[in-house]
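Chemist: Fit chain B to the known structure of chain A by using the hints.
Number of protein chains: 2
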Amino acid sequence: MYRTHNCGELRLTDAGKTVTLSGWIQRIRDLGGLLFIDLRDRYGVTQLFINPEQHNALYQQAKAYGREFVIQVIGKVSERSSRNPNMVTGDIEVIASDINLLNASITPPFTIEDDTDGGDDLRMQYRYLDIRRDPVRKNLLARHQVARAVREYMDGKGFVDVETPFLIKSTPEGARDFVVPSRLNEGQFYALPQSPQTFKQLLMVAGMDRYYQIVRCFRDEDLRADRQPEFTQIDCEMAFVDQEDVLNMFEGMVKHVFKSVRGINLSDFPRMSYADALKYYGNDKPDLRFGMQLIEITEIVKGRNFKVFDDAEYTAAIVAENCSEYTRKHLDELTEFVKRPQIGAGGLVYIRCATDGTYKSSVDKFYTQDDLKNIAAHCACKPGDLILILSGKQHKTRKAMSELRLEMGNRLGLRRKEDYKPLWVLDFPLLEWDEDDKRWNAMHHPFTSWKPEDESLMTDNPGAVRANAYDVVINGVELASGSIRIHNRAKQELMFRTIGLTDDEARYKFGFILNAFEYGAPPHGGIAFGFDRFCSIVTANLDYIRDFIAFPKNNAGRDVMLDAPSDIDLRLKNDLGLK
Amino acid sequence: MYRTHNCGELRLTDAGKTVTLSGWIQRIRDLGGLLFIDLRDRYGVTQLFINPEQHNALYQQAKAYGREFVIQVIGKVSERSSRNPNMVTGDIEVIASDINLLNASITPPFTIEDDTDGGDDLRMQYRYLDIRRDPVRKNLLARHQVARAVREYMDGKGFVDVETPFLIKSTPEGARDFVVPSRLNEGQFYALPQSPQTFKQLLMVAGMDRYYQIVRCFRDEDLRADRQPEFTQIDCEMAFVDQEDVLNMFEGMVKHVFKSVRGINLSDFPRMSYADALKYYGNDKPDLRFGMQLIEITEIVKGRNFKVFDDAEYTAAIVAENCSEYTRKHLDELTEFVKRPQIGAGGLVYIRCATDGTYKSSVDKFYTQDDLKNIAAHCACKPGDLILILSGKQHKTRKAMSELRLEMGNRLGLRRKEDYKPLWVLDFPLLEWDEDDKRWNAMHHPFTSWKPEDESLMTDNPGAVRANAYDVVINGVELASGSIRIHNRAKQELMFRTIGLTDDEARYKFGFILNAFEYGAPPHGGIAFGFDRFCSIVTANLDYIRDFIAFPKNNAGRDVMLDAPSDIDLRLKNDLGLK
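Sequence order for the protein chains is A and B.
Throughout, this note's numbering is defined as the position within the first sequence, counted from one, plus 399.
Throughout, this note's numbering is defined as the position within the second sequence, counted from one, plus 399.
Chain A with its partners taken away, still in its complex shape (with noise of 0.2 Å):
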């Protein structure tokens, strides 16, 4: 046995036992003689002290021991002349009779520690190592939490978690899929689930009614930062509901998981239209912790002989309560950021309402007192704030507004980790135009349903057709994303048609599913939620999505730690048929 209690759990009622405790040493102090080893594990750290006198061949073992070496200790529990109140186990320390060495260490790349000296790049490297710090073993214990959570509700409602294939048909739509040759059907090849989505429609044309399930999906994009080629989400979809049904289920899931794991009672969540929350926020996804809407002042602005503003097909303002004062260093720094690439506005038009009543803009030349005055009423900006303008195309100044909110925001401190806005982003257009293939996309996927009236303009005018699909959206965030599916053949052949599928297309690629809903498909519909965002949004630590995984890959979708990809066998090649 090589432990009686584990680093964590010893406490001054304990003082006077045997113990017998395991783990790695996290420091060793020696005192002028005075040995203290501070001995980790998961569940904590205890103090373990050796007196020469007492034991003077354990002092001389223990003084070359080094950090993260494996000790077993056995001692008694004593109360600390000098406690620890910022250690849970900061009352006592274990007054060591005698200590097993069970595995030495090398010095380690770098620190463990909760600020570790280690890049990101050698922190993956020696992934094992970097787990040891408290942070990010934090996090990993924190997804098993949300995990437990999610499965507590989801189970407690019926739900069955159902294992679906990972060696599955390679049905493209949208990103690429990841493929597996196969050995025993020579030049064929399996694909991974980019989702499980047919399994799940399946699922129901099989009658399970409610499913579930966390599950591994894979997209071989071209990365970018924090976007895994693997990552897991938490799969869902019910027969005989309705949109409404499906938005009450989830949003108590959402709710429950926030209680159960960070105690967090969530307010009910509102509802917002695709089309508020462009016009309200410029983008489908946002953030409610604070408001500065976006305000429409196109047609106001105009016929001032500001060119700008005369020929803009939009313009829209935001008001940043009490930043009347702001500095030219400041408002250079917002046009400096609305300009970049990304953002791509092509300048920022700002009115000052200062206290007294006045107005000073970056186009006085155009603007008169009285004009100014009429756009800050429109604005219901109030003396001492700041009202922000940006014009051009409708649908990229939106954009770029959004993205100038949300700087402000920040700027402003308005976006706490720790506030927690949730919201359902509904009625998503059913499709949108592929400027580059010249042909409709699915805006979610080709499974989602369209609402019956607007059933006339699938032909007429496709893009105005607005599907059954609900976003969850917290601090500007996506979390899940869902709808209620097609279930009849001719609907979902239609959808195929739409977005430029042939019939035999369809049939080859989709012939199982639209079998299917021959034999009695019942009504149904779901949503998925991006687990490793979900855990990152819970736990308030957004920025590190990568540390929620346990051994993720670079953004070269490599594993540095594995080294993989790597060559593989040339008989195992040979045997694939590949070259």
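No lab work stands behind these hints: they were computed from the structure.
None of the values given here were measured: they were computed from a predicted structure.
Incorrect hints may have been included.
Note that identical chains are pooled: a pair holds if it fits in a single copy or bridges any two copies.
Below are the DSS-like pairs computed for lysine-lysine, each with C-alpha atoms no more than 27 Å apart in a straight line [claimed, not checked]:
#: 1; residue 1: Lys556; residue 2: Lys658
#: 2; residue 1: Lys972; residue 2: Lys837
#: 3; residue 1: Lys475; residue 2: Lys556
#: 4; residue 1: Lys556; residue 2: Lys416
#: 5; residue 1: Lys654; residue 2: Lys820
#: 6; residue 1: Lys850; residue 2: Lys816
#: 7; residue 1: Lys416; residue 2: Lys850
#: 8; residue 1: Lys816; residue 2: Lys792
#: 9; residue 1: Lys416; residue 2: Lys890
#: 10; residue 1: Lys850; residue 2: Lys759
#: 11; residue 1: Lys537; residue 2: Lys654
Modeler: Below, chain B without anything else, positioned relative to chain A:
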């Protein structure tokens, strides 16, 4: 809202309520104008009743419906005139006042009933209809129950569910890897994990202390019946443990699952060495539901001029109680059985111990009544019993005897499905000789440690080294397999060398774990359960492992529903650098 209740929950106490149900039509009976519909969903079946005198239009409408149509019905719960005690909802029916057709169905290719007329291939092709059948649905629900019970136990014991990667490095030992060509790293490949073995060990090095995962694994083997290319494993690992700790922890887990899912209290698992398992049962996964142990009689039967026994390395008997009256036909069948190529015995010798105290054997020519009496006494054979004897090379004869023993167990009804006899098999050999490759192979896997007292044999006599390895066996089936691992670089390198890896190969394939062992690796060990098999054992449905998998592959590794594997896009092939 599609329903107020499901089809399994209405009882007599609900009589008088107006309810809405949705589901599939199991069958329609038109009894001279009175129409009865059995409406089915996941939760049960409820009888609907339509009286044409009250609702003639409804009657005409419903009469046209067929099997597997999906309908929504509104009606009043009413006590049945003739109750059906075989249905939980059999006391009531719903008198329909309105029915909406939600979806029609063409005629299913097989009947949706417990005993379907659909063959295996058809059922797999239309798996979404097959799952509507009670037995398959119940197996999938049971699988979820088993998973929940496992998680409940593991969570309660402080194990952390950590997700390990699926896109890893190819390091085949034993079975072939499935590989995934990398687009971003042309010419290189990821592999799909055969198990998360090295990751769970790295998590122990990382200080996670207790890990588990219910995880998909992949093996590209030449397929046999009920061997799937992807399968699910309950994967577990613990740090700071010796073998005894692991056995206790996971014996507890198995007991918890049986108790929780089936209400069955398993008694403590007996323990048996690998050597004893072979000696007494002829194989390393003995079925302890019945005795009939192998009794070696090699020496006792020599010296009577019966050349077969005189020349044999090994001769053994089993005693079939009360079978002395077995007919010639029975004995011929058994002889044929042992002579089948899969078993490969040369022949079968029997001794009938008649109730009158005389003996009759197939080798009477060589053995006197006293000889036979002597053998019978050695076998503790009673009057009325039958002795069956095989002879030859020890290993092969034991295997054949094991098969004969199991066959006799079947014939005598001694292998009762509901009778559970678990045990631990311990002290496996570390290595086994590979005749084809002329080298030692790891019997469990190359991360398994050996008994310290056998250390010197590693060079002198590798085949005699005993591993710190253990299996859970229930009713002759291997449920789980595990070991205490090597946690020391030098020992791991010795192991790799012993199984024929050069130091360069070892570093190339397993450098990451060899390195990890230098940074304070704790002693650790674990176990992995075959989850698909676990489900089938717990539910006593051992013959249908495939029906615990929602979408299984056939024996050629194909998903006949999806028609996968398949060709892939030429563009995708080009992107991957595949010709």
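Chemist: Look at each hint and say if it fits the structure.
Modeler: We went through each hint and held it up to the structure:
1. Lys556 to Lys658: For Lys556 and Lys658, the Cα distance is within 27 Å both inside one copy (17 Å) and across copies (23 Å).
2. Lys972 to Lys837: Between copies, since 24 Å is at most 27 Å while 39 Å is not.
3. Lys475 to Lys556: For Lys475 and Lys556, the Cα distance is within 27 Å only across copies (26 Å; inside one copy 49 Å).
4. Lys556 to Lys416: Answer is between; shortest inter-copy Cα gap is 24 Å, intra-copy 46 Å.
5. Lys654 to Lys820: within (12 Å within a copy, 45 Å between copies)
6. Lys850 to Lys816: Neither: 36 Å inside a chain and 53 Å across chains, both beyond 27 Å.
7. Lys416 to Lys850: neither (70 Å within a copy, 33 Å between copies)
8. Lys816 to Lys792: neither (33 Å within a copy, 73 Å between copies)
9. Lys416 to Lys890: Neither: 73 Å inside a copy, 36 Å across copies.
10. Lys850 to Lys759: For Lys850 and Lys759, the Cα distance exceeds 27 Å both inside one copy (48 Å) and across copies (85 Å).
11. Lys537 to Lys654: within (22 Å within a copy, 31 Å between copies)
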